[in-house]
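The listed protein sequences derive, respectively, from chains A and B.
All residue numbers in the first sequence are consecutive under numbering that gives the first Met the number 0, ending with 397.
All residue numbers in the second sequence are consecutive under numbering that gives the first Met the number 0, ending with 397.
Hints may be right or wrong, so weigh each one.
Identical chains blur together in the list; that is why a pair holds if it fits in one copy or across any two.
[Unchecked claim] Taking lysine-lysine pairs in the PhoX-like style, the calculated list, with each CA pair at most 20 Å apart, reads: (1) Lys256 <-> Lys196; (2) Lys301 <-> Lys196; (3) Lys64 <-> Lys49; (4) Lys263 <-> Lys9; (5) Lys256 <-> Lys2; (6) Lys385 <-> Lys64; (7) Lys263 <-> Lys2; (8) Lys395 <-> Lys385; (9) Lys263 <-> Lys385; (10) Lys49 <-> Lys301; (11) Lys369 <-> Lys305; (12) Lys64 <-> Lys21; (13) Lys196 <-> Lys49; (14) Lys9 <-> Lys146; (15) Lys2 <-> Lys146.
Just so you know, the hints here were simulated from the structure itself, not pulled from any lab data.
None of these values were measured; they are calculated from a predicted model.
Single-letter residue listing:
Protein chains: 2
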Amino acid sequence: MIKINENYLKLKSSYLFVEIAKRVSAYQRENPDNRIIKLGIGDVTEPLPKACIAAFHSAVEELGKDETFKGYGPEQGYPFLRQAIAENDFASRGAPVSAEEIFVSDGSKCDTGNFQELFSQDITLAVSDPVYPVYLDTNIMAGRTDKVLLLPSIRENGFVPSPPKETADLVYLCFPNNPTGATASKAELEEWVDYAKRNRALLLFDAAYESFIRDKEIPHSIYEIPGAEEVAVEFRSFSKTAGFTGTRCAYTVVPKKVMAYDSKGQGYPLWDLWNRRQSTKFNGVSYPVQKAAAAIYTPEGKGEVKALSDYYLGNAEIIRKTFLEIGFEVTGGDNSPYIWIATGKDSWDFFDYLLQKAEVVCTPGSGFGKSGEGYVRISAFNKREKVQEALERIRKIL
Amino acid sequence: MIKINENYLKLKSSYLFVEIAKRVSAYQRENPDNRIIKLGIGDVTEPLPKACIAAFHSAVEELGKDETFKGYGPEQGYPFLRQAIAENDFASRGAPVSAEEIFVSDGSKCDTGNFQELFSQDITLAVSDPVYPVYLDTNIMAGRTDKVLLLPSIRENGFVPSPPKETADLVYLCFPNNPTGATASKAELEEWVDYAKRNRALLLFDAAYESFIRDKEIPHSIYEIPGAEEVAVEFRSFSKTAGFTGTRCAYTVVPKKVMAYDSKGQGYPLWDLWNRRQSTKFNGVSYPVQKAAAAIYTPEGKGEVKALSDYYLGNAEIIRKTFLEIGFEVTGGDNSPYIWIATGKDSWDFFDYLLQKAEVVCTPGSGFGKSGEGYVRISAFNKREKVQEALERIRKIL
Chain A
0 MIKINENYLK LKSSYLFVEI AKRVSAYQRE NPDNRIIKLG IGDVTEPLPK
50 ACIAAFHSAV EELGKDETFK GYGPEQGYPF LRQAIAENDF ASRGAPVSAE
100 EIFVSDGSKC DTGNFQELFS QDITLAVSDP VYPVYLDTNI MAGRTDKVLL
150 LPSIRENGFV PSPPKETADL VYLCFPNNPT GATASKAELE EWVDYAKRNR
200 ALLLFDAAYE SFIRDKEIPH SIYEIPGAEE VAVEFRSFSK TAGFTGTRCA
250 YTVVPKKVMA YDSKGQGYPL WDLWNRRQST KFNGVSYPVQ KAAAAIYTPE
300 GKGEVKALSD YYLGNAEIIR KTFLEIGFEV TGGDNSPYIW IATGKDSWDF
350 FDYLLQKAEV VCTPGSGFGK SGEGYVRISA FNKREKVQEA LERIRKIL
Chain B
0 MIKINENYLK LKSSYLFVEI AKRVSAYQRE NPDNRIIKLG IGDVTEPLPK
50 ACIAAFHSAV EELGKDETFK GYGPEQGYPF LRQAIAENDF ASRGAPVSAE
100 EIFVSDGSKC DTGNFQELFS QDITLAVSDP VYPVYLDTNI MAGRTDKVLL
150 LPSIRENGFV PSPPKETADL VYLCFPNNPT GATASKAELE EWVDYAKRNR
200 ALLLFDAAYE SFIRDKEIPH SIYEIPGAEE VAVEFRSFSK TAGFTGTRCA
250 YTVVPKKVMA YDSKGQGYPL WDLWNRRQST KFNGVSYPVQ KAAAAIYTPE
300 GKGEVKALSD YYLGNAEIIR KTFLEIGFEV TGGDNSPYIW IATGKDSWDF
350 FDYLLQKAEV VCTPGSGFGK SGEGYVRISA FNKREKVQEA LERIRKIL
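Chain A with its partners taken away, still in its complex shape:
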């Protein structure tokens, strides 16, 4: 008899965004002439940079010609892209990351979800609360349900949890944070690197939103912290940076110095394990997509990508200012595309109120964990005129 992985039965059946979609549809059915504006899911709205489009076309052209056709590429990504990433995202900031330590993939959701496969089932996890649901759900699927430390990310710690007294083996960190929009300072990240070294723990650092950082004091990469290259893996994505949510390209940094251990305490380079995992279960990213991604690092591409994040940060500023002016307590939106708002009431009640009175969709904070109750996340990913109109409507009802 084919038996299921019963850990799947422990997953909550209703995923946050499914419930949101359900409520929005119900509202639309009852109000067919609605003018709903969605500031919920963090999906981009602006076209791909012209530099990416040009490179994309030219790579497609190559696939159509005998002399330039490409079959299987390296599972780890093409050297032209890995090299561009190492130089531009790391060497330029003094972070010691080589091209070989970069694994190109089709998405950070896949990588953050798959990475836990490399570890024993009985490790202890630490995740922030509220948290991006994928970190937890993929560990539940793997049977890691009991030994989870939830680190409250709350007003009292500026939404940046300190390392706990307890020992965790695998720590998920995300800065700029989804959902709170909070950023971590160099000193705060240093504490985490120290913690990892003391406990031989591993940090999984999700930097999907780093391109929205404007404050020069805030690190973009965990590898700006000395010693992090021994205890941290970093996830990056072109989804929000360059509008790649529908194009699909991301990467993961696994430094050669990071070790993990067998039950006798013998160390193994994590690079070897991830390389084996990717070589066995993955066949690399579409060649034209990698070419499009590499164009982000050309002078033209860099300018366009900066303009994209500036545009969304402009939206974030409108959202942030409006809520502050109305009198709400607000986090994020300055170095992040997410704005986290203390609603003063139940998250879903506030969601429903905004939906019904302003026809604006946000994301209830409680969907990200217990400590998210009483908050909503508002996303800056939309057209400027829609954001402006949404905020005008919100101003009238709050």
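Dock chain B against chain A, hints included.
Below, chain B without anything else, positioned relative to chain A:
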């Protein structure tokens, strides 16, 4: 302490194609003016069909414009592609598969590798010997090392194993087979469907090479067998069909009627589990890639794709005929791009002989399992003139 998944330590360190690459490099270093022809790895050489290139370009264009830009797509794939697949690959052959049962992905290696995540760790597997290494390696990574039935695919059973007397829960079948090139008849597949029904087992049917079938009696899909839609999942790929090895698109069929069971014997639709897995760990395939794939099903695309497989089958015919004429025992190559040759000596010795005397690279059969010893796999994926020259050289030395 971050502890590794120690199952990774049970994997053989030297992957078949790594060892081949090593021997080829060594030969090249010693013989710098060699003219090596590779008939080893199954990678395509012909450009993408024009219909795919045109659709690819036009979708890239859409991503560059405000009005047509696409962000996140459905994790399961766009309806336009799922619909085209259901109609053309299944309805047209009387196989009962709906668009909703099709999950578009970036590769069959990923899907066949990831699918085992849905099952309990203590199930019994059945795989053929020789076998595509990914089926076994991904189960070893998941800790399934003891309960594995190896089904010899040998001369005596025409390289198509019958269901065993023992009970297996999860059965990997691949037809046309990699590496042997053998195909399974309707009657042989019916036996397997019966076996699965009797034992509440699940068949994972890998049909990556179905487009090479020319014999009208041979099923292209497991769903041509009545009842298979209750006990089988099917994997398909555009890699070999349409030259997508570097473009990356494939799909998996999970019929709504297929059930798997908890330890109490309660049934759960497998569709729900795979849908949850994909929604949590995957973010869909690049939009332009899906558009390129859908073009395979246009009248122009169908013609071009047929011409592609005809081309490689023409190569296969040359390989097959030559070895038969020399006096070897040969399987495959008529309805498959792989030719499986009984060498009369050790697989690696024959590999080395071909490399050193003819400068032709093949794949040693022993690399696919114990029963592959004494065989080599020759791949038809190359340019016609290279195949011709390789076979002329081989004729001179054998």
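These are the hints, each one checked on the structure:
1. Lys256 <-> Lys196: within (12 Å within a copy, 50 Å between copies)
2. Lys301 <-> Lys196: neither (35 Å within a copy, 58 Å between copies)
3. Lys64 <-> Lys49: between (23 Å within a copy, 10 Å between copies)
4. Lys263 <-> Lys9: Intra 31 Å, inter 16 Å, cutoff 20 Å: inter-copy only.
5. Lys256 <-> Lys2: For Lys256 and Lys2, only the inter-copy Cα distance (16 Å) is at most 20 Å; the intra-copy one is 39 Å.
6. Lys385 <-> Lys64: between (43 Å within a copy, 18 Å between copies)
7. Lys263 <-> Lys2: For Lys263 and Lys2, only the inter-copy Cα distance (9 Å) is at most 20 Å; the intra-copy one is 32 Å.
8. Lys395 <-> Lys385: So Lys395 and Lys385 pass the 20 Å test inside one copy only (16 Å; across, 73 Å).
9. Lys263 <-> Lys385: neither (58 Å within a copy, 52 Å between copies)
10. Lys49 <-> Lys301: within (11 Å within a copy, 32 Å between copies)
11. Lys369 <-> Lys305: neither (35 Å within a copy, 56 Å between copies)
12. Lys64 <-> Lys21: neither (47 Å within a copy, 30 Å between copies)
13. Lys196 <-> Lys49: neither (43 Å within a copy, 55 Å between copies)
14. Lys9 <-> Lys146: within (15 Å within a copy, 26 Å between copies)
15. Lys2 <-> Lys146: Cα proximity of Lys2 and Lys146: across copies only (14 Å, versus 25 Å in one copy).
Against the hints set out earlier in the document, violations occur for numbers 2, 9, 11, 12, 13.
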